[in-house]
Every structure is written in C-alpha cells, then in structure tokens.
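Visitor: Now for the letters of each chain:
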Amino acid sequence: MLGEFRLWPRAASTVAEKVDTLYLFEVAVTVFFTILICALVIGMGVIYRKGSRAARANPPTSKWLEAIWATVPLVLVMVMFAWGAAVFYEIKTVPDGAMKIDVVGKQWMWKLQHANGKREINELHVPVGRPVVLRMISDDVIHDFYVPAFRVKQDVVPGRYSQLWFEATEPGTYHLFCAEYCGTEHAQMIGKVVVMEERAFAEWLSGTSSDDPPAVAGEKLFERMRCGTCHKQGPGGRGPSLVGIAGKPVPLKGGGSVLADANYIRESIVRPQARIVAGYQPLMPAYPQLTTEELNQLVAYIESLGAPGDGDAGRSDTGPSTPVEDATPPDENEAPSTEGENE
Amino acid sequence: MIDVARKERNYVDADYSVWSWFLTTDHKRVAILYLISITVFFMLGGAAAVLFRLELMTPQPDFVIPETYNKLFTLHGILMVFFYLIPSIPAVLGNFLLPLMIGAKDVAFPKLNLASWYVYMVGGVLTVAAIVFGGVDTGWTFYTPYSSTYGNSAVLLAGLGVFVVGFSSILTGINFLATIHTMRAPGLTWFRLPLFVWAHYATSLIIILGTPVVSITVLLVAVERLFGVGIFDPTLGGDPLLFQHLFWFYSHPAVYIMILPSMGVISEIIACFARKKVFGYHFIAFSSLAIALLGFLVWGHHMYVSGQSMYAGFVFSFLTMLVGVPSAIKVFNWTATLYKGQVSWTTPMMYALGFIGLFTIGGLTGLFLATLGIDVHVHDTYFVVAHFHYIMVGGASMGYLGGLHFWWPKMTGKMYPETWGRFSAIVVFVGFNLTFFPQFLLGYMGMPRRYHMYPEEFQVLNVMSTAGASIMGVGYLLPLGYLLWSLWYGKNATSNPWDARGLEWTIESPPTPHNFHEKPVVTTEVYDYDPEQPLPPPSERVVSPAESETETVQ
Ligand SMILES: [Cu+2]
Ligand SMILES: [Cu+2]
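In order, the protein sequences belong to chains A and B. Going by our numbering, the first residue of the first sequence is number 1, and it counts up by one from there. Going by our numbering, the first residue of the second sequence is number 1, and it counts up by one from there.
Hints in this document: simulated from the structure, not taken from any laboratory. Treat the hints with care, as some may be off.
[As the list claims (entries may be wrong)] Pairs of lysine-lysine residues, derived as DSBU-like cross-links and limited to a Cα-Cα distance of at most 35 Å, are as follows: (1) A/Lys50 with B/Lys340; (2) A/Lys232 with A/Lys192; (3) B/Lys414 with A/Lys50; (4) B/Lys340 with A/Lys63; (5) A/Lys63 with B/Lys277; (6) B/Lys277 with A/Lys50.
[Said to hold, decoys possible] Sample of chain B residues facing chain A (criterion: CB under 7 Å; computed from the structure): (7) Ala108; (8) Tyr150; (9) Gly280; (10) Phe314; (11) Thr335; (12) Gln342; (13) Ile361.
[Stated by the list, open to error] Each pair of labels, with its calculated beta carbon distance range: (14) B/Glu525 with A/Lys50: 19 to 27 Å; (15) A/Ala67 with B/Val229: 49 to 57 Å; (16) B/Phe286 with A/Pro59: 20 to 28 Å; (17) A/Thr21 with B/Trp488: 55 to 63 Å; (18) B/Phe286 with A/Thr21: 35 to 43 Å; (19) B/Leu219 with A/Asp211: 27 to 35 Å; (20) A/Thr34 with B/Glu456: 26 to 34 Å; (21) A/Lys248 with B/Ile216: 36 to 44 Å.
The C-beta atom is built at its ideal place from N, Cα and C for all residues, glycine as well.
Build out the structure end to end from the sequences listed, making use of the hints.
Guide: Written out as structure tokens, the structure is:
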C-alpha cells in the first residue's frame, strides 16, 4: 500500500534503478569517508590526548600528503559528475514516439489531458512499458511535478512549457507530489499516478469522454477566434501560413531566426509583438482572454498542421490513439494493483 | 605594563551608562550588542522551528492551520539565514576579535561599525513585523511569481527588511577589509595572520560582491509589484526564472558567508587544543579565497529542474564538484593537525571535532545534490533540508558555539563551567543528528519540503526528527543558561587561560577600551605551539582568589 512504512522508495521507472545505483555508489563513498574521518578524529584524539605517552617527534610536513588528498577527492567527484551527467542526459532526452499528455498546474490541483481528449484531475493513468511525455505549464505560480517512484521531477512554470518524460516499469499506484512551494495548500497539491497494464489502460482510455482531443478543440477555437482571417492555409494572407511551421526555424524581422517550438508558438499568440516574422507587419492583436488550456489547444492544433499541402490538418495521427484502438478487447480486465513491488 | 593595566578599567566597566552602550564605537561593545540581538533572533527562529516540528509529528494538519505553518517556516528560514547565520560569527566574534588579532585598537571605521548594528536592528524589526503581523508565507527564497504577484503585500516589507539588513553586512565587510589591509601590527605579515582573519577576509569579499545583487533583486520585485513593470511575472512579459538566477547568485555564495568564518574559528580551536600549527596553513588560507571566488560560479546547481537548459546543468554540476575539493582538503588538514598533537577535549574542542564530523557528512551529501542524476530526484525534498542543516547547523552553528566558548574568557573575563559545557556539546550533537539524519531518508523516499501534512508512511521518521529537535532545543538552552550564570558566578579568567598563541591572548581578559597599551610588534610565526607543552590545567586558567583581589583593586 501507499501508506506502508518503508525506508526505501519504490522503483517503478526505467531510470529509477539507474538513479538508485548511482545513489548507492555515493552512499558508499559517504559512509567510507565519514567513518574514516570520525575514526581518525576520535582515534587521534585519544592516542594523542593530553599527557599521553605517544611519540610526538617529527610530525609530517604537508606537501606530498596534501597532494594525495587533493587527488583522491578530485577523481571521485569527477566520476560523480560524469556518471550523474549521463543519467541526467537520459532523464532529459525524450525518446521518439512517446505518448503525449498535457499537464496544467494551478493552485492547488493538477489538470491532465490525454491526446484523445480524456481529462483527469490529480490522477494520471499511464500504461506500463511505454514512454510518456508530459507537456506542462502553470496557470499561476511555479509548481513541480514529482513522482518519487519514477525518480523524476520538473518545475511547472507559468508562461512557458516544460516537459518531463518517464517510462513506467511496474503496474501500481504511486505518489504524485507538487515539489515546488506554491502557497497555502502546497501540501495538498498531491495526487497519484496509476500505472496499468497496456490492455487495461486501453480500456480505461477509451471509456466515456465528452472532450475533443486538444488539437480538434484547437481547430474549433481557431475558427471561433477568426484567426483564419489573417492566417490562410496557403500564402497570401495578412499573416503567415501556419501550416508546417511547427518544429521548423522561422525567419525573424531584423535578422536571425527562431525554432518554432511550442513555447514560440504560444508566445506568438500571447504576445505577438515580442518577435515579428520576417516579411510581415506587426498586425496581430494579442489575445489576453485566452485561458491556459485554450492556448494549449491552439498550440496543439498549430503543431498538428502538417507540412504545406498536407491538406486535412488538425486530425493528424499524433497521440496515442493508434495503439490503444489496436488493442484487443480486454478479457482479463486487469485492475491496476496498488502494490508496486511485492516486498 | 601590568601596573598600567590594573589602573585602566576594562571595556565593560569603563562606563556603565546606557548611552555609553548605544553610542559606543568600541568594536568590542558593538560585538556585544550584536551578540544580544542575534541571540534574540535565533531564539525567535528556533521557537518557530519547535512549533512546526510539533505539527510534523502527525501526518494530518492538526496543530496549526496551513497558513500558520507556512508563516512559521518562512519566519524560521528568514531569521536564521539573514539574522543569525550570516551575521553570527562575523558580527559577534569577528567584530570582537579581528582588531585584537591584528594588534589594532579598533576597526578601521568605528562609527560605520556602530551604524551597521543599527541598520541590522531596523532590518530585523521590519522583517519580524512584516512576517508576524503581515503574514509572509513565501519561504526564505521568495520565489517569483508567488512572492511578486500572489503573496500579500507584507512581502514587500519583509523584502525591505532583508534589503536593509544587507547593508549592515556590507558595512561590516568593508570595515573588515580596510582593517585587515591597513591596521596590522608591525611584523604581522599576511602569512602570520591567524586563519580566522583569512576566513573573514574571504567572507568580506563575498559580502561586498554578492549582497548588492540580492538587494537589486528585492528592488526589482518591488518595482514589479508597485509599478507593474514586467520583470519576473510572465503575464507581464517577465521571466520567473530570472529571479532564481539572481537570488541564487547571491544566496549560494551566502552559504560560504555562513561557513567560512566558522572554518576560521575551527582552525583556531584545533590549533590551540592540539598544540600544533594547523596542518597546511597556506592551503587553508588560499582555499578560503578560492572557495569565495568559485562560489560565485555555481548558483545554477539550485536550478537543475527549473527549466534551465541541460547543458547549463552540466556546467554548473562540474563547477560545483570542483568546489567540493578544497573543502575536502580542509577536512583532511584539520584531522591531520591532531596527529602527534597534544589533544585536550575541552568544550570548544568538542564543538570543533563535532564540526569536522558533521561538516564531512554535510559536504559529502552536497555532492549528491551536485550530481545531476540524483538531484532530479531529491531536489526540493527533505534530503536538501537535511543537507543544508548539516552545513548550517552542524557546521556554522557548531563553529559559532565553539568560538563563543573559546573566547568567552576573553570577552567576559569569566570562565564558563567546563562540565556543563561538555555536556551540552554532547546534547547538541546527539539531538542534531537525531533531528536531521532521518530527513536524509525521508528525502530519498520523496517527501517534499514545506509540506504541513504528508502521507502516513513518512510518520515514523518525522517523529524521530521532532524528538531530536527537542533534544537539540535543550542543548541550545543549556549554554544560554550557564553562560549567563558565569557572568555573575564564574571564576575570573586569566588573560590567557588556554595558553594560546595570537595577539588577543596577550592582553587582559576582558580587554581595556584601547586593547593594547603599546603597539605590539610580532616576531613569531603564527600558531607557534609546542606539541610537547600541554594545555595548562584548569586551576591555572583562573585567577586565584588572592590575585584576583589585587586585580580588582582600581
Ligand atoms: Cu506546490
Ligand atoms: Cu548553492
């Protein structure tokens, strides 16, 4: 159970064991040096206590000794640095084809939305054995999405997207904490991550949901806000065509270019004047009335617009729906166990 | 010379009027003013800790409401960092001893010195008022946009308090640098300076270079709040991470402002009670400077998961690891000083040896946090809380208490009761470990910091921690009691009860207002101890009744 007394956290992601191994290495170094220093201090404090008979002639000089105890720590910390950097690289590098989930943090709850539109609050269901990437943004102050059993956390910042990925390895229910202090109910901004077998997850995900996928909702919003009056599918509009811009460099007025990632697209809508596309006038009005979630939807829609000429934009096959629909109807109907490891 | 000494009153007896204290320019009296006020702030901050540790005995929020809990840890953090840890050793021991150690009659700018105390008090009163009456709940880190947009307006007042108190540090830092540069006695070359002086030199550099940054940051928060200029608030086009960069650019070096002076104290104590020159004197002296400068290049290790780029993470991790090396060498050097020494387990020595053990653990666990792959998991958990308490309480505070005992005879002319001293050092040590060791385990299990309630599985360790905190509380109250007691009932100390080296021990205890009767000339090397010559027995540390009678005759 979640509430059981333990001295070691459960390990339930692909990186968890790597973090633990590195941690144990540093624990070993720490224990070794702590015992060494304490033994030396107490030992010499006793042997050379005031008035003891121990010989005190010719104390050593410092040069060669200091060289040794400068080198040993240097080597050790360099090992720690390199090893830690390697693990960090893995934690930071999102694998291709990861399943996308949107996360909005706000005082004091987590709102999550799957790519097929299904929403959750303070609870996240994910399949075991498939990389999941969270695109996170805050509605107000800084929060932090933290799942101890996965050994990962990432700050959730207002005004910009951050991402966090993991691949769960053990079905079970795990703590989800907000790790960045965010005000009165910070300690209640908690929830759980439910890791399910693939099939059970597919069934869960296809359950009733009245929400459009974010990209579809974004397309509707795009029409409702009349963005299309300036942004045509092809050239010739007052604004640039948005088809196929996502993930490509955009030339800017005054030289230079910028990669059109989610943060740039979001900024272009929230503060159009911040960076102007080369060859266009700063005509675009700002849209302060759009909520964090609506902005997420617009960004998802623009990202889903394929390369120029792809035609039917907005209903692209990004997201996890394909494998989920492929899954055979569940016969075993495995409910997620709440026990991660059976210890 | 002795005759002259007997005729002149010491700095305490020189004048008893209230204004002689409040308008004093004597560095020793300023130190005492600081001692008293720092103790008050420390007790306030400690009381807040007691309250929230009580709340954490149970997983449910039952003792205080969440708002109160958040204000309590904010009060605790702000008071302990800005009003206790940063000023404690420099403003109390440094002010008192620095001029004595270099053979000067005062600091370079005595009036600025007094001004710094007033500035400190104004900052302190503003801050406490803001937190207690206004209810500041941002934590001592004041992260934006919570502090700038969401927290209530008392945040500004608390920020103003921190802003003001920064100037008192700056005044002290400038004073120390000028004093060390210009007022050393003839013959007192740089490499004859006690390591305590070196440590304060490095600390003053950090204070002068770093404190203005935090002041500017607080100003920027004020500008944003008052005039709506977008600096940190993303809805105004600002960048919330900018605040973290600026904040840690000061606050990481501030860690060294807290620990370097303590390292200076430890060097003095160990040399005296091992009767040996500190091993690797030059290295320790220079490493203080190296740490001071490198310390400015590692702030990003607080931001590995903030959204800072991965490559920035690599650079900051690498540099942070490098800072670990001189700290490790220092620990080895202190330990090696004991070898073939003549070790006396006095109270200050017990604090110093306790410091070595706790600082070792604190430093090594700092490497966990510098390691990118581990920090992602333990950042903002109790692991961090445990780590910095090992450095701040186990390191900085142990040094402060050790130093207070070591120089108590010099400052007050009285001996503290040795048995009580040793007893309380052990109580502090045991209580400290019981409080903070379980927090490493809690942190690795994933308990986030600043939670007033938590899942049940964390309770056992939290109860241990609270139990330890109450033991530690007793350990801190004991010295308060017996040190005060000693002022009236303690035996009169001789001018050099520890048979220690250093100019401060060549003058009376307590010193006269002008410290030295004639300008001292230094001809010996620093820490000129002889391991064959043990510490004088307790009976020789105090003035015998017959002597003391003649000595008190005015
Ligand atoms: Cu939070
Ligand atoms: Cu730091």
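Visitor: All hints, please: hold or fail.
Guide: Now for the hints, and whether the structure bears them out:
no.: 1; hint: A/Lys50 with B/Lys340; result: holds, 11 Å
no.: 2; hint: A/Lys232 with A/Lys192; result: violated, 43 Å
no.: 3; hint: B/Lys414 with A/Lys50; result: holds, 24 Å
no.: 4; hint: B/Lys340 with A/Lys63; result: holds, 17 Å
no.: 5; hint: A/Lys63 with B/Lys277; result: holds, 15 Å
no.: 6; hint: B/Lys277 with A/Lys50; result: holds, 16 Å
no.: 7; hint: Ala108; result: violated, 33 Å
no.: 8; hint: Tyr150; result: holds, 6 Å
no.: 9; hint: Gly280; result: holds, 4 Å
no.: 10; hint: Phe314; result: holds, 5 Å
no.: 11; hint: Thr335; result: holds, 5 Å
no.: 12; hint: Gln342; result: holds, 5 Å
no.: 13; hint: Ile361; result: holds, 6 Å
no.: 14; hint: B/Glu525 with A/Lys50: 19 to 27 Å; result: holds, 23 Å
no.: 15; hint: A/Ala67 with B/Val229: 49 to 57 Å; result: holds, 54 Å
no.: 16; hint: B/Phe286 with A/Pro59: 20 to 28 Å; result: holds, 21 Å
no.: 17; hint: A/Thr21 with B/Trp488: 55 to 63 Å; result: holds, 59 Å
no.: 18; hint: B/Phe286 with A/Thr21: 35 to 43 Å; result: holds, 37 Å
no.: 19; hint: B/Leu219 with A/Asp211: 27 to 35 Å; result: violated, 45 Å
no.: 20; hint: A/Thr34 with B/Glu456: 26 to 34 Å; result: holds, 31 Å
no.: 21; hint: A/Lys248 with B/Ile216: 36 to 44 Å; result: holds, 39 Å
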